[in-house]
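Novice: Here are the chains, one letter per residue:
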Amino acid sequence: MMFNKNLKNILLVVFTTLILSACSTAKKSGNIDGDVYTGKETVKFLASGVPDRIFFATNKSSLTTAARETLRKQATYLRKNKSLNVTIEGHADERGTREYNLALGERRANAAKDYLMTYGISGKRISTISYGKEKPVNPASTPLAWSQNRRSVTVKVN
Amino acid sequence: MKKLIVLLIFKVLFFKNAFALIEVDITRGNLDPLPIAVSPLHVDVKSENFEGAKIKELGENISSIIEKNFKATGLFNPLKKEAFVQKPDIAHLKPRFEDWRLIKAQALVTGKLLVKDGKLKVEFRLWDLAAAKEMTALAFTTTPSNWRRVAHIISDKIYERLTGEEGYFDTRIIYVAESGAKNQRVKKLAIMDQDGANTKYLTLGNELVLTPRFNPTSQMVTYMSYFRNMPRVYLLDIETGTQEVVGNFPGMTFAPRFSPDGKKIVMSFAKDGNSDIYTMDLDTRVVERITDHSSIDTSPSFSPDGKFIAFNSDRSGLQQIYVMRSDGSGVKRITFGEGIYGTPVWSPRGDLIAFTKMRKGRFYIGVMRIDGTGERLLTENYYQEAPSWSPNGRVLVFYRETKAGSKGEGFSAKLWSIDITGYNERKLNTETDASDPSWSSLLSK
Numbered sequence: 002m003m004f005n006k007n008l009k010n011i012l013l014v015v016f017t018t019l020i021l022s023a024c025s026t027a028k029k030s031g032n033i034d035g036d037v038y039t040g041k042e043t044v045k046f047l048a049s050g051v052p053d054r055i056f057f058a059t060n061k062s063s064l065t066t067a068a069r070e071t072l073r074k075q076a077t078y079l080r081k082n083k084s085l086n087v088t089i090e091g092h093a094d095e096r097g098t099r100e101y102n103l104a105l106g107e108r109r110a111n112a113a114k115d116y117l118m119t120y121g122i123s124g125k126r127i128s129t130i131s132y133g134k135e136k137p138v139n140p141a142s143t144p145l146a147w148s149q150n151r152r153s154v155t156v157k158v159n
Numbered sequence: 036m037k038k039l040i041v042l043l044i045f046k047v048l049f050f051k052n053a054f055a056l057i058e059v060d061i062t063r064g065n066l067d068p069l070p071i072a073v074s075p076l077h078v079d080v081k082s083e084n085f086e087g088a089k090i091k092e093l094g095e096n097i098s099s100i101i102e103k104n105f106k107a108t109g110l111f112n113p114l115k116k117e118a119f120v121q122k123p124d125i126a127h128l129k130p131r132f133e134d135w136r137l138i139k140a141q142a143l144v145t146g147k148l149l150v151k152d153g154k155l156k157v158e159f160r161l162w163d164l165a166a167a168k169e170m171t172a173l174a175f176t177t178t179p180s181n182w183r184r185v186a187h188i189i190s191d192k193i194y195e196r197l198t199g200e201e202g203y204f205d206t207r208i209i210y211v212a213e214s215g216a217k218n219q220r221v222k223k224l225a226i227m228d229q230d231g232a233n234t235k236y237l238t239l240g241n242e243l244v245l246t247p248r249f250n251p252t253s254q255m256v257t258y259m260s261y262f263r264n265m266p267r268v269y270l271l272d273i274e275t276g277t278q279e280v281v282g283n284f285p286g287m288t289f290a291p292r293f294s295p296d297g298k299k300i301v302m303s304f305a306k307d308g309n310s311d312i313y314t315m316d317l318d319t320r321v322v323e324r325i326t327d328h329s330s331i332d333t334s335p336s337f338s339p340d341g342k343f344i345a346f347n348s349d350r351s352g353l354q355q356i357y358v359m360r361s362d363g364s365g366v367k368r369i370t371f372g373e374g375i376y377g378t379p380v381w382s383p384r385g386d387l388i389a390f391t392k393m394r395k396g397r398f399y400i401g402v403m404r405i406d407g408t409g410e411r412l413l414t415e416n417y418y419q420e421a422p423s424w425s426p427n428g429r430v431l432v433f434y435r436e437t438k439a440g441s442k443g444e445g446f447s448a449k450l451w452s453i454d455i456t457g458y459n460e461r462k463l464n465t466e467t468d469a470s471d472p473s474w475s476s477l478l479s480k
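Top line first, the protein sequences correspond to chains A and B. Residue numbering for the first sequence is 2 to 159, as defined by the working numbering. Residue numbering for the second sequence is 36 to 480, as defined by the working numbering.
Worth flagging that the hints you see were computed from the coordinates, not collected in a lab. Predicted, not measured: the structure shown is a model, and the values here were computed from it. Please note that a few of the clues may not be correct.
[To be verified] Covered stretches of chain B, going by a simulated chain A footprint (3 or more residues, C-beta under 8 Å): (1) 147-154; (2) 276-282; (3) 317-329.
[As the list claims (entries may be wrong)] Residues of chain A clear of chain B, computed beta-carbon distances all greater than 10 Å: (4) Gly50; (5) Glu70; (6) Ala76; (7) Lys81; (8) Arg99; (9) Glu107; (10) Lys114; (11) Thr129; (12) Tyr132.
All residues carry an ideal CB built from backbone N, CA and C; glycine is no exception.
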């Protein structure tokens, strides 16, 4: 009996692992992980090796590991260029209501701003603006395009 | 805006409901629209031309606008004029009821007009053909250039008489006119008559403009503009063209709507990434904070008695609809169905809230009771949102976008309307692509 129960547990564990791996393969298609864009296609650079944008999951404004890495590079760059000010533009994909998307873009831009501030960049150097779903970078109606459009972009203002 | 002076000269016989034999039930989808004959208005031979308009065609033009209005309700079936059995002037005096009944008409509209000394005099009569009786009649005087509005006012009076509800034809719709590629959209404020005529553009397209909404008591509009790259709520007087920023907020203000008395604007203000709901009194300029929550609170809409505000919040995780007292107390979530909910808009009758619902990648326009029960989804599509009520609370106008190809091709945004019965879905004619419609109150009220 004891043996049987243990075996059952082991089987369950194996089974769960199988399901989990199946899930992550299904969700990772091309340059999207979960539903966050991981590619470079739309990315521009503030300076060599400093990407200008980060990407978000649907309806989310939390920063992914990759987003944090990008923002740390931006913070380093901004520390080196003390006279430079930036605007962070927050964007949403087209699959939501206009007004909610304006608020969501604002939340995303501020998530990026807050992270830069924790790395010592003064909030006075960073303004934010939300464009909601109004300025898609990729006009297609596909999951890939939506993931590229769920973004915040750091733009030099001087 | 040109002021229309409607002079009620006389009201011939106005039968009360008890006498009416024909009546149109608008509370359910009408699969058997009422056959109605709209005779061209007889043009008095003493009439003079005006502003280059061909006076002889005016009677015909007015009746054809009335027919289009009726047809668009889905409740009436205007009959073809070829079958008409009497000349307009004679029918207007005394229809041969039995002959009109032969062409299966149940109601008949007749009228006449005279343009003289810069004035347009119009009278019309509505006849119940089965009962062989006049149901209502009205005459009024206005300036000749208002002839389209004359047609809409007549339509409203007849609709009112036959359905027992206020009409919605003498109204306008303000919206955002869109042009250009999907990722380089140019947006302008535009206004048109409810039937798509008289389109006027109110901004030049230099800055992004969004979500215009009518004041229910006047010809004022509130909207959002990115003028000087500062997204703020503005107030626009469409009679004078003057506009101003609403309040002095140090950040984005958006999602504006008027209170039912037109004296306040309720909107969202975003600070440090968090959006809450505020009101501003337009007379005193006093700003009040209504919600204070770390979630997104937006898309506020007053109840018609001004006592409550419905709004959109993601405080439970995803977008849902909430109702609170207009001071912000007593917040209550009302949507619990599968999917997420946005853009609540309170019906001018007070009994329903229209909304946008998103579920499994599809978008729905629906209505529910104000406590969230009795949800009815009226229309489903790839993308549609932002319902706005006709002033009588029977029809919703909203916008719908199509799926775009890999380069954005095939994308379009158009205005649509649907009855709250779920019947009679129609695309509105706009000169350009269009979004964010808002329906005005009756102009002649």
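Novice: Compute the least Cβ-Cβ separation between A:Arg99 and chain B, then decide whether it is above 10 Å.
Specialist: 6 Å, violated
Novice: Does the claim that A:Glu70 lies outside the interface with chain B hold up, using a Cβ gap greater than 10 Å?
Specialist: Answer for A:Glu70: holds, closest chain B Cβ roughly 21 Å.
Novice: Does the claim that A:Tyr132 lies outside the interface with chain B hold up, using a Cβ gap greater than 10 Å?
Specialist: Incorrect as stated: the minimum Cβ-Cβ distance to chain B is 8 Å, not above 10 Å.
Novice: So is the segment 317-329 of chain B in contact with chain A by the C-beta rule, three or more residues under 8 Å, or is the coverage claim wrong?
Specialist: violated (count 0)
Novice: The segment 147-154 of chain B covered by chain A? Criterion: 3 or more residues, Cβ-Cβ distance below 8 Å.
Specialist: violated (count 0)
Novice: Are all C-beta atoms of chain B more than 10 Å from that of A:Ala76?
Specialist: 18 Å, holds
Novice: Is the claim that A:Lys114 lies outside the interface with chain B correct, judged by CB distances over 10 Å?
Specialist: 8 Å, violated
Novice: Please count how many residues of the segment 276-282 of chain B have a CB within 8 Å of a CB from chain A and say whether that reaches 3.
Specialist: violated (count 0)
Novice: Confirm or reject the statement that A:Glu107 sits farther than 10 Å, beta carbon to beta carbon, from all of chain B.
Specialist: 4 Å, violated
Novice: Should the label of A:Gly50 as a non-interface residue stand, given a Cβ cut-off of 10 Å to chain B?
Specialist: At about 27 Å from chain B, A:Gly50 clears the 10 Å cut-off, so the statement holds.
Novice: Evaluate the condition: distance from the CB of A:Lys81 to the nearest CB of chain B exceeds 10 Å.
Specialist: 26 Å, holds
Novice: Once the closest CB in chain B is found, is it more than 10 Å from A:Thr129?
Specialist: 8 Å, violated
Of the numbered hints given earlier, the model fails hints 1, 2, 3, 8, 9, 10, 11, 12; all others are met.
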